[in-house]
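J.: Below, each chain spelled out in residue letters.
There are 2 protein chains.
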Amino acid sequence: MLERQGRVEAALEGVLPGVEHAPSQLHSAMRYAVLGGGKRVRPLLAYAAGELVGADPRRVDLVASSVELIHAYSLVHDDLPCMDDDRLRRGKPTVHVEYDDATALLVGDSLHSLAFQVLTENALASDATRQLQMAATLARAAGSRGMAGGQAIDLQSVGKRLSVPELEFMHVHKTGALIRASVQLGAMCADSAGAVDLELLDRFGKVAGLGFQLVDDVLDAAASTATLGKTAGKDASDNKPTYVTVLGVERSRKLAIELYDEALAVLEQLPHGGGRLGDIARFIFHREF
Amino acid sequence: MLERQGRVEAALEGVLPGVEHAPSQLHSAMRYAVLGGGKRVRPLLAYAAGELVGADPRRVDLVASSVELIHAYSLVHDDLPCMDDDRLRRGKPTVHVEYDDATALLVGDSLHSLAFQVLTENALASDATRQLQMAATLARAAGSRGMAGGQAIDLQSVGKRLSVPELEFMHVHKTGALIRASVQLGAMCADSAGAVDLELLDRFGKVAGLGFQLVDDVLDAAASTATLGKTAGKDASDNKPTYVTVLGVERSRKLAIELYDEALAVLEQLPHGGGRLGDIARFIFHREF
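Going down the list, the protein sequences come from chains A and B. First residue of the first sequence: 126, per the numbering used here; consecutive thereafter. First residue of the second sequence: 126, per the numbering used here; consecutive thereafter.
Mixed in with the good hints there might be a few duds.
Because identical chains cannot be distinguished in the list, a pair is counted as satisfied if it fits within a single copy or across any two copies.
What the hints assert, rightly or not - The list that follows gives simulated cross-link-like pairs (lysine to aspartate or glutamate, EDC-like), each with its CA atoms no further than 20 Å apart:
| # | residue 1 | residue 2 |
| --- | --- | --- |
| 1 | Lys331 | Glu387 |
| 2 | Lys365 | Glu145 |
| 3 | Lys365 | Asp316 |
| 4 | Lys365 | Glu293 |
| 5 | Lys285 | Asp225 |
| 6 | Lys164 | Asp386 |
| 7 | Lys379 | Asp181 |
| 8 | Lys365 | Asp225 |
| 9 | Lys164 | Asp252 |
| 10 | Lys365 | Asp226 |
| 11 | Lys365 | Glu383 |
| 12 | Lys379 | Asp225 |
| 13 | Lys164 | Asp322 |
| 14 | Lys331 | Glu393 |
| 15 | Lys365 | Asp327 |
No wet-lab data here; the hints were simulated from the structure.
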């Protein structure tokens, strides 16, 4: 995993504009927001999915960068005072604390555009029509019926008691959509990836995405700020419904184990097994909690 | 122009998710931000450029929608309290006033993703590689070395005295990049549009974009809030450098006339003249001021 994390770091370093280009402060803030931190779960999923179906890793570098840029933009905007008002992220001051609110807004907007630039200005599939589908997949995953929509539901849920299906709907959008897209886009870099593979990988991505958020909820409730690198216990103090507040810690852990088993079962159906996707599933579901 | 404005309104209505889809409030706010207002200058430019080179207007509908979605997202974010803190836009309360800051942030983000979805999930060129170039053109125009970068420079310029080249650099990015892309993308919908046409149209787009901002600066200094549909005199009260503060009203008007002549001269070099682009240039440069 370390090798792949280094690989996406280098790719991101390459696609982010240098501070020698105007506006220098914006480019410096974009680099601050993206480089030198983060678990890079979405890029790792893209690499692992691509590897399974024989994708050229140089194509996956750019796909992995684009999903991480979308993720990074969403964190910068999420941390703003009008949203979650978080001051710490990946162990560092958040972008609006280090710079200012207006810069953070423009950093998020710029990373958002850059993700689509990366995904469209380089050849990432032998068939350009397929590459257009890849860009459309990312756009849908990021938009109002994907990640941004999930965040809107999250905001509206503050102080409310959600049912388990409502909570799942929120998380499938807020976190799940981009994780699912990461798996899909990594695989789509391989010209040989067929409909059956993509369908199985998509089922894996859906389960992994939900599991990731579930484990995050448990971690947020249980862990310390030092372990997380972001403010712990934030969900409860923000009065946000989470799996822990809806199901309790024990039932949440049990559900995580069920989802993990489901994820592995999907991977077993792939012709050559799950490869590194199995390792990432293990990481997602068995983080310290 | 009215017919084309109606046409893009219908196209936008078609691409924006309906309020029957969750999250309903976000979709309602997205529609509020985009529909029923605005001069639609960017779409009009896309239609006029497409028409000149024989583009299918059904393709241009979607290109026109995508540039207007980017423009609308930028207005929603620009109006936020941490940016220009504007309460009135197109004669209506701004999105964060009508809804709230967090919703406005997510509306902008969602419109931004939707623009790329519209530009990639429908066939807009017979050659998919060309369509990827179209999406990359929009991404570059919107990003940190285009519109968002121009806004960052704008923010950093508050209270500063800029030279004319510095001011031009700011405006070429902030307003010019997206206007230029609108002309390019409209023309690129035509399979027959060649490099010479695209090059001439790009020169026109560059001059028109700068002229548009110049006239806006003069209007902001001179017009009333009722005429503008947004808060007048905002630039001066925000202590922002504009063409009027740098050059004065008279020299700004003179420069506008020069740019108008230059725009018309470029159009005359096109094989069949400028068509409706000439009308739009007249509109851009001769708005009430």
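J.: Next step is simple, just say for each hint if it's right about the structure.
T.: Comparing the hints with the structure gives:
1. Lys331 with Glu387: Answer is within; shortest intra-copy Cα gap is 11 Å, inter-copy 55 Å.
2. Lys365 with Glu145: neither (42 Å within a copy, 25 Å between copies)
3. Lys365 with Asp316: For Lys365 and Asp316, the Cα distance exceeds 20 Å both inside one copy (43 Å) and across copies (52 Å).
4. Lys365 with Glu293: within (14 Å within a copy, 47 Å between copies)
5. Lys285 with Asp225: between (31 Å within a copy, 18 Å between copies)
6. Lys164 with Asp386: neither (23 Å within a copy, 55 Å between copies)
7. Lys379 with Asp181: neither (38 Å within a copy, 56 Å between copies)
8. Lys365 with Asp225: between (26 Å within a copy, 18 Å between copies)
9. Lys164 with Asp252: neither (31 Å within a copy, 38 Å between copies)
10. Lys365 with Asp226: Answer is between: at 18 Å across copies they meet the 20 Å cutoff, but 23 Å inside does not.
11. Lys365 with Glu383: Classified as neither: same-chain Cα gap 24 Å, cross-chain 58 Å, threshold 20 Å.
12. Lys379 with Asp225: For Lys379 and Asp225, the Cα distance exceeds 20 Å both inside one copy (42 Å) and across copies (38 Å).
13. Lys164 with Asp322: neither (26 Å within a copy, 47 Å between copies)
14. Lys331 with Glu393: The answer is within: 16 Å in one copy meets 20 Å, while 56 Å across copies does not.
15. Lys365 with Asp327: neither (28 Å within a copy, 50 Å between copies)
Consistency note: the structure conflicts with the earlier hints numbered 2, 3, 6, 7, 9, 11, 12, 13, 15.
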